[in-house]
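The whole structure should be built from the sequences, with the hints applied where relevant.
From first to last, the protein sequence lines are chains B and E. Per our numbering: the first sequence ends with 209, consecutive numbering throughout. Per our numbering: the second sequence ends with 277, consecutive numbering throughout.
The hints are simulated quantities; they were obtained by calculation from the structure and are not laboratory data. Owing to the predicted nature of the structure, the values given are computational and were not obtained by experimental measurement. Glycine residues also receive a C-beta, built at the ideal position from the N, C-alpha and C atoms. Please note that a few of the clues may not be correct.
[To be verified] On the chain B side, residues computed to face chain E include the following (Cβ under 7 Å): (1) ALA43; (2) ALA44; (3) LYS54; (4) TYR58; (5) ARG59; (6) LEU62; (7) GLN76; (8) ILE83; (9) GLN147; (10) ALA148; (11) LEU151; (12) LEU152; (13) ALA153; (14) GLN170; (15) LEU198; (16) LEU201.
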Amino acid sequence: MVDAVLQPGCRYAEASAYWHPVMSTDTDATDEALMLGYRDGDAAAFDVLYSRHKGGIYRYLLRQCRNAAQADELFQDVWMNLIRARAGYKAQAKFSTWLYRIAHNRLMDHFRRDDAAVSLDDESVSVDEPVAPRSVEPEVSATSRQQAAQLLALLDDLPEEQREAFVLQQEGGLSIEEIAAATGVNRETAKSRLRYALAKLRQGMQAWQ
Amino acid sequence: MTPGPDKVDIENDLQLAAMYRAGADAAPPAHLDDAIRAAARREVAAGPRRAGARRWALPVSLAAVLVLSVSAVTMMREQGADRPDSMISPPETPTMTPPREIAQPPVTAAAETTPKRWSVTSPPVTAADAPAAQAGPPVPAQAMSGRVAEAERAVPESRAKAAAAESNRTEAPVAASRDYTVSQPLLRSAPASMAAEMSDGAGASASAKAAAPAPAAALSAVPARGALWQDLLREPPEKWIQRIAELRRTGKTADADTLAAEFRRRFPDQRLPDEAR
Numbered sequence: 001m002v003d004a005v006l007q008p009g010c011r012y013a014e015a016s017a018y019w020h021p022v023m024s025t026d027t028d029a030t031d032e033a034l035m036l037g038y039r040d041g042d043a044a045a046f047d048v049l050y051s052r053h054k055g056g057i058y059r060y061l062l063r064q065c066r067n068a069a070q071a072d073e074l075f076q077d078v079w080m081n082l083i084r085a086r087a088g089y090k091a092q093a094k095f096s097t098w099l100y101r102i103a104h105n106r107l108m109d110h111f112r113r114d115d116a117a118v119s120l121d122d123e124s125v126s127v128d129e130p131v132a133p134r135s136v137e138p139e140v141s142a143t144s145r146q147q148a149a150q151l152l153a154l155l156d157d158l159p160e161e162q163r164e165a166f167v168l169q170q171e172g173g174l175s176i177e178e179i180a181a182a183t184g185v186n187r188e189t190a191k192s193r194l195r196y197a198l199a200k201l202r203q204g205m206q207a208w209q
Numbered sequence: 001m002t003p004g005p006d007k008v009d010i011e012n013d014l015q016l017a018a019m020y021r022a023g024a025d026a027a028p029p030a031h032l033d034d035a036i037r038a039a040a041r042r043e044v045a046a047g048p049r050r051a052g053a054r055r056w057a058l059p060v061s062l063a064a065v066l067v068l069s070v071s072a073v074t075m076m077r078e079q080g081a082d083r084p085d086s087m088i089s090p091p092e093t094p095t096m097t098p099p100r101e102i103a104q105p106p107v108t109a110a111a112e113t114t115p116k117r118w119s120v121t122s123p124p125v126t127a128a129d130a131p132a133a134q135a136g137p138p139v140p141a142q143a144m145s146g147r148v149a150e151a152e153r154a155v156p157e158s159r160a161k162a163a164a165a166e167s168n169r170t171e172a173p174v175a176a177s178r179d180y181t182v183s184q185p186l187l188r189s190a191p192a193s194m195a196a197e198m199s200d201g202a203g204a205s206a207s208a209k210a211a212a213p214a215p216a217a218a219l220s221a222v223p224a225r226g227a228l229w230q231d232l233l234r235e236p237p238e239k240w241i242q243r244i245a246e247l248r249r250t251g252k253t254a255d256a257d258t259l260a261a262e263f264r265r266r267f268p269d270q271r272l273p274d275e276a277r
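Structure below.
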């Protein structure tokens with residue numbers, strides 16, 4: 001079991017190597033400071049930001065749209081939107097909240113434009129199957145992978161809003177207030193969604209606990 | 001027993017988080033990484049966004065529209081002031097009026113109301129006919145009669161002086177102004193003379209020279225009927241009666257009738273003898 005240590009701006013720093021990609025330009029600067037640096041012309045700051053958040057954003061989009069090709073397209077759009085919006089960035093809120101808000105909006109546009117693409121009957125769905133880690137470490141046992149596969153299967157069965165709340169918490173490290181801000185709902189709604197999601201997942205994973 | 005939603009600790013479920021992370025290894029393809037990073041560098045290399053320019057775009061656009069609008073209105077007013085239409089009173093054209101009505105007042109009234117610029121540059125005939133040419137589309141006869149009546153009221157003495165004024169004019173212009181049929185070609189030629197005058201407003205004499213051919217050309221188109229009394233214009237009524245009687249004696253009844261009609265128009269107080277009828 002890997003303990004999760006949530007750190008602002010650099011989540012899951014002590015996770016396995018495949019979880020957190022190698023960052024040659026990693027710094028101790030906060031996300032907001034890096035984004036301000038990029039706004040002012042520091043391209044290296046963007047590299048650090050991108051390395052920190054690319055996995056979480058990609059998986060968030062993948063869990064929601066359930067299609068790898070569409071997730072690729074959405075992922076690129078999200079980051080391009082961030083790049084285009086850099087001149088107007090102000091550190092008024094947590095960077096990850098702002099970033100996931102961009103991703104959420106892009107996802108909603110995608111759903112509105114192509115509802116059929118999110119159908120569970122789509123043969124191109126490729127998320128349900130757990131993917132083998134790129135660098136499997138000894139402690140990541142077969143049991144852990146089976147647990148993960150079961151959890152992802154349960155996650156897919158959740159209503160979209162509840163799934164989103166859970167993924168935002170896990171991938172973005174967002175609090176309830178931040179989830180509410182990212183998804184455009186009030187705090188109680190976000191809290192309710194997250195609570196129901198966790199309850200269902202725990203119930204489904206009882207056998208593994 | 002599974003806890004209900006209200007019992008779930010939603011802030012710190014490390015066990016679920018660990019299980020989730022064990023299967024959450026999906027990552028974007030490498031080519032996407034390269035493309036996004038390259039785009040980010042290009043954006044930085046392109047320089048800072050000109051937020052200031054965008055902030056000023058709307059006020060500058062509004063100011064430009066305002067300046068252009070004011071300029072356009074000013075130019076239109078200046079051009080409108082130069083137009084002769086706005087300087088000349090409503091035309092008193094003899095074109096559609098009966099020959100009796102156009103005999104004296106329109107010429108005098110038009111000459112009096114015409115601005116100096118036009119009266120200076122126009123010969124006698126064009127001075128009388130220029131307003132008529134500016135009348136534009138044909139005006140109904142009733143309206144024209146009304147205008148002539150207004151002119152008569154405005155200058156009552158002009159009718160009384162008309163006969164005397166005729167004697168001071170050249171024969172050709174007078175004939176043109178008196179003859180209803182002659183006025184049509186004159187009107188057609190009048191705009192040409194006006195255009196020449198407008199293009200050379202400073203040279204009054206040059207304009208007059210340019211306008212002079214217009215009545216001459218118009219007179220060249222005078223029908224033979226008008227020539228019947230050209231040599232009688234300065235003659236007393238007795239001469240007219242003699243000519244009419246002579247025409248009847250020689251069998252030129254049509255010419256005699258035409259000349260008699262003109263005699264009655266010019267000398268309404270004179271009685272035409274029986275031998276001339």
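Going down the list of hints, with the structure as the test:
Because the beta carbon of B/ALA43 sits about 5 Å from the nearest beta carbon in chain E, less than 7 Å, this interface hint is met. Given the 7 Å rule on beta carbons, the hint for B/ALA44 is violated: about 10 Å separates it from the nearest Cβ of chain E. This hint holds: B/LYS54 has a C-beta 6 Å from the nearest C-beta of chain E, less than the 7 Å allowed. Using the Cβ-Cβ criterion of 7 Å, the hint placing B/TYR58 at the interface with chain E is satisfied: the shortest such distance is roughly 5 Å.
The restraint placing B/ARG59 at the interface with chain E holds, with a minimum CB-CB distance near 5 Å, inside the 7 Å limit. The beta carbon of B/LEU62 comes within 6 Å of a beta carbon in chain E, closer than 7 Å, and the hint placing it at the interface holds. Checking B/GLN76 against chain E: minimum C-beta separation of about 6 Å stays under 7 Å; hint holds. Hint status for B/ILE83 relative to chain E: holds, with the closest Cβ pair at about 5 Å, below 7 Å.
Look at B/GLN147: its Cβ gets to within about 5 Å of chain E, closer than 7 Å, so that hint holds up. Taken as an interface hint, B/ALA148 checks out: its beta carbon lies about 3 Å from the nearest beta carbon of chain E, inside 7 Å. Checking B/LEU151 against chain E by beta carbon gives a least distance of about 5 Å; that is within 7 Å, so the hint holds. Using the Cβ-Cβ criterion of 7 Å, the hint placing B/LEU152 at the interface with chain E is satisfied: the shortest such distance is roughly 5 Å.
Nearest Cβ of chain E to the Cβ of B/ALA153: about 10 Å, over the 7 Å cut. The hint is violated. Because the closest C-beta pair between B/GLN170 and chain E is about 5 Å apart, less than 7 Å, the hint holds. Restraint check, B/LEU198 versus chain E: the minimum CB separation of about 5 Å is within 7 Å; hint holds. A least Cβ separation of about 6 Å between B/LEU201 and chain E falls short of the 7 Å threshold, and the interface hint therefore holds.
In the structure shown, a violation is registered for the earlier hints numbered 2, 13, in ascending order.
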